Amino acid sequence: MNLHQPPLLRRLVSISVLLTLLLLVSAVLGLGLGSAPPQLAESLGVLFGQADSESMTATIIWRLRLPRVLLAALVGATLSLGGLVFQALLRNPLAEPYILGVSGGSAVGAILGILLGLAPFPGVALLAFAGSMATLLLVLILAAGRAASQKGSLLLAGVMVNAFCSAVIMFFISITQDARLHNIIYWLMGDLSQAAPDRLALLLYLLPPCFVLIFLLARPLNLLALGEEVAMYMGINVKTVSYTLLVITSLMVSAIVCQSGLVGFVGLVIPHLLRLLLGPDHRLLIPACVLGGGSYLVLCDLLSRVLPSQGEMPVGVITAIIGAPLFILLLQRSRG
Amino acid sequence: MIPAVRIENLYVSYGKRVILHNLSFQIPDGSFFIIIGPNSSGKTTLLKTMAGVVKPQQGVVEILGKPLADYAKKTLAQKIAVVPQYTPTDVPFKVLEVVLMGRSPHLSLAGLEQKRDLEIAAAAMAVTRVDHLADRRLDQLSGGELQRVVIARALCQQPHLIMLDEPTASLDLAHQVNIMDLLEGLREERGLTVIMISHDVNLAAMYGDQLLLMKEGQIVSLGTPRQVITYAELEQAYDCVLLVDDNPLRDVPRVTLVPKKFLHQVDC
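For the record, the sequence lines run as chains G and D. Note that the working numbering gives residue 158 to position 158 of the first sequence, counting from 1, and the numbers run on in steps of one. In short: position in the second sequence from 1, add 1000, done, that's the working numbering.
Rather than coming from a laboratory, the hints here were simulated on the basis of the structure. Bear in mind the structure is a predicted one, so any value in this text is a computation, not a measurement. Hints may contain errors.
[Unchecked claim] Quick list of in silico lysine-lysine cross-link-like pairs, DSBU-like style, CA-CA up to 35 Å:
| no. | chain 1 | residue 1 | chain 2 | residue 2 |
| --- | --- | --- | --- | --- |
| 1 | G | K239 | D | K1016 |
| 2 | G | K239 | D | K1215 |
| 3 | G | K239 | D | K1115 |
| 4 | D | K1055 | D | K1016 |
| 5 | G | K239 | D | K1066 |
| 6 | D | K1016 | D | K1073 |
| 7 | D | K1260 | G | K239 |
| 8 | D | K1048 | D | K1094 |
| 9 | D | K1094 | D | K1016 |
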């Protein structure tokens, strides 16, 4: 029999190394290129220490571009991982990181903040976070009473709460006519331009431990993908594992949504793409989503800065413009 | 000898609906124990209760002399392997990956399978004759192959008891005999206690050494095939006319369904 397929550990290491390289290359490109000078050649000088570290070029790269690249990587990683976890947990390929009402709730909070004329940070971000936590709580309470069809009711409760929030958002938009409308729309499309070192520090402390915790639950997640019953027979405490994953993931997504707005499609496309390439084992998919999702958003953000001749477009536009056709292509291929 | 399972005054209900009424019985270690009975007689609930995933409202369930409640979930999964009625195949895991999942109860939280786990999986797949399918995806298997893969996963747990919920349902005749022979072999060679649910009373009579006939959450009859498969007991449980005579191969009863138009030929 064939036991010669590469052991999991070796596959894990080689995939991680490969995707780390991809992330590094994306990060160098993201630091090196921009809508304004310095361009790549000059930037590489700064990056590899051959230029004056006090120069204007160095300031742009380290003060402006670095936080932005880091934010893009963290947002991409979190959304991809969030999508992966929810797709496995809810056993639904269309599940995405905002599914439990995180998007609707934080959007209502953020828009309220923008309308009240609060600063993007901490005002708008805090309201967005509060909004997402409130809806998450609501969805969990709504779904809690019916353990038998837990997953169906979670999904439904999330969709309904999001729909209600959409109505509130539309109402806000319809009564807003001034420049704040532009801010609201940008936020809804996903916007990484508000990156700043002090806000990043929080994410850097919060997110990596969450990634590790989710990775530790990779094998239970594999069993859950085969059904709750199977997981129980294998000695997994299904309730504890599911709720831990639901809460950690929603927390992570809320934390990044309040910094970046609603970046679409990453959480849907990246997990599916990686699943097609690597198979369904979550022990490989979790690190791959973190590294691959991070790279994808760094590159998308780069395009959103470089493509328009003036200014920049929201990164959410790029992720969807690339993401939607890619997704359809994948779907065609997997059918063949 | 300590029984594999001991059940005393067991009550299970879902909400107000009582599923199991005051059951008491024992399953001897190393036996081939088959639970039969009409639909919704509580067979699957009984199996799930013995496997520890349904909590009884009242009563005692002991596995190998120790109350279920005293087992850690993981330890229990090292003693009992369950082959559920239905295995989803929409997640494209490969056969070897699924069989290796049976090692889960023996691994630590983030532990990876070692060479020894791979050897155990290979042995399990050889026994159930799915070794040539190792790289096949679950959704590319036939019903019989899938059932043998799930049994291989169960064996990979190296359990003391194996519980199966209608493992031969939806299989053709050759595969039914094949699965039953496999289970009988495991019982004889490894001393595995086999507990299964079946709708096929003839298979139950041929292979089981202890049968439990249930109806509406209660025991109608418990004993050897000769004791349980009698016209009186079956008629009481299934509420229909059946012909019971002797199996020409083994010294066990044989049951024949009686269509309505042949009812006048049956003498009862």
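Verification of the hints:
1. A hinted pair counts as satisfied when its Cα atoms are at most 35 Å apart, and K239(G) with K1016(D) qualifies at roughly 23 Å.
2. With a CA separation close to 32 Å, the supplied pair K239(G) and K1215(D) stays within the 35 Å bound.
3. Restraint check for K239(G) and K1115(D): the C-alpha separation of about 31 Å stays at or below 35 Å, so the hint holds.
4. For the suggested pair K1055(D) and K1016(D), the alpha carbons sit about 15 Å apart, so the restraint of at most 35 Å is met.
5. The straight-line distance between the Cα atoms of K239(G) and K1066(D) is roughly 24 Å, inside the 35 Å bound, and the hint therefore holds.
6. For a cut-off of 35 Å, the pair hint linking K1016(D) to K1073(D) stands: about 27 Å separates their Cα positions.
7. Our distance criterion of 35 Å between C-alpha atoms is broken by K1260(D) and K239(G), whose separation comes to about 50 Å.
8. Between the alpha carbons of K1048(D) and K1094(D) the distance comes to roughly 27 Å, so the proposed pair stays at or under 35 Å and holds.
9. At roughly 42 Å between alpha-carbon atoms, K1094(D) and K1016(D) are farther apart than 35 Å, so this suggested pair is violated.
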